[in-house]
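Asks: First residue of the sequence shown: 737, per my numbering; consecutive thereafter.
Keep in mind the hints are simulated off the structure, nothing from the lab.
Just so we're clear, the structure is a prediction, and the values are computed from it rather than from any experiment.
Warning: the hint list may mix true and false statements.
Unchecked claim - What follows is a set of in silico ranges between Cβ atoms, one per label pair, in the way DEER data are often shown:
1) Thr964 / Thr906: 23 to 29 Å
2) Val978 / Ser891: 19 to 25 Å
3) Ala882 / Glu811: 38 to 44 Å
In this text, a Cβ means the ideal position worked out from N, Cα and C, and glycines have one as well.
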Amino acid sequence: MRSARLGRRAVVALLVALAGTASLAARWQTAPSAGAAAPARRIISLIPALTEMLFAIGAGPQVVAVSSFDTYPPEVAARPKVGALLDPDVERVLSLRPDLVAIYGSQSDLRQQLQRAAIPIYDYRHAGLPDILTTIRDLGRVTGHAASADTLAGSIERQLAAIRARTATTAPLRAALVFGREPGALRNVYASGGTGFLHDMLTVAGGVNVFADLAQESVQATTELLLTRAPDVILELREGPVYSEARVRQTIAEWGRLAAIPAVKHGRIHVVTGNGLVVPGPRVAQAVARIARALHPEAFTP
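Hey, can you work out the whole structure from these sequences and the hints?
Replies: What follows is the structure, encoded as structure tokens:
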């Protein structure tokens, strides 16, 4: 039961983030609003992906508070929680005297309050895989960790390039990448649309997104839409603890009522579980590798 709650929590967090930026999914904005020359030393991050980046580049000790959805790395458990996209605790944020606050681009009210208090802002919007690398490098610049940020970004670039090389000669598979639905049912199914990091992850992994023509990050994939698009593969990402084999089988069996879909008819449903699968942060290359192995195991055999 606890693992199911954790998985739903992760999906809710992703849906909220994507919904908050859907109209600007392809745009990414850098820019602390007040560019002090000195690196930021008291940082608040309301964005789990950016929190991970900050810790990964060595700026963790400078993070004084995080969002209520932050769970990784383990060190964030000791940081104060100051709300999230829809419920930022402005009073708590101001009381912590930050010199940089990372917010979503859609948090216009919070932005105005921080600007009135003359607090620098890092204005972030979800976008594609290349923007993850740009964000890592930019955070390195504003926190005084440019070298380690560049090293991290370069490592991710090389890992993604290696995955592309492995899947380049495989037969492309028409796939639906599902990242959320009601537990035990095929209601409120959410899949990756044709923009954003999830779409890019599927592409690098050797999949062809059946919703690629829909210029949005998240698609509510109704039964009718799934039947119409007829994916050859359904790839379901389940954020949270790794599933047992029995639970994976049960998750796959739940798709049985849509037997007319080629992926169901031919047993091409893959369930990938674990932490960091739907977070556009430093673990993204590992997530892409897991997707690629599920889609094209033949490309990863010795």
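Asks: Each hint: holds or not?
Replies: To see whether the hints hold, each was checked on the structure:
| no. | hint | verdict |
| --- | --- | --- |
| 1 | Thr964 / Thr906: 23 to 29 Å | holds, 26 Å |
| 2 | Val978 / Ser891: 19 to 25 Å | holds, 24 Å |
| 3 | Ala882 / Glu811: 38 to 44 Å | violated, 22 Å |
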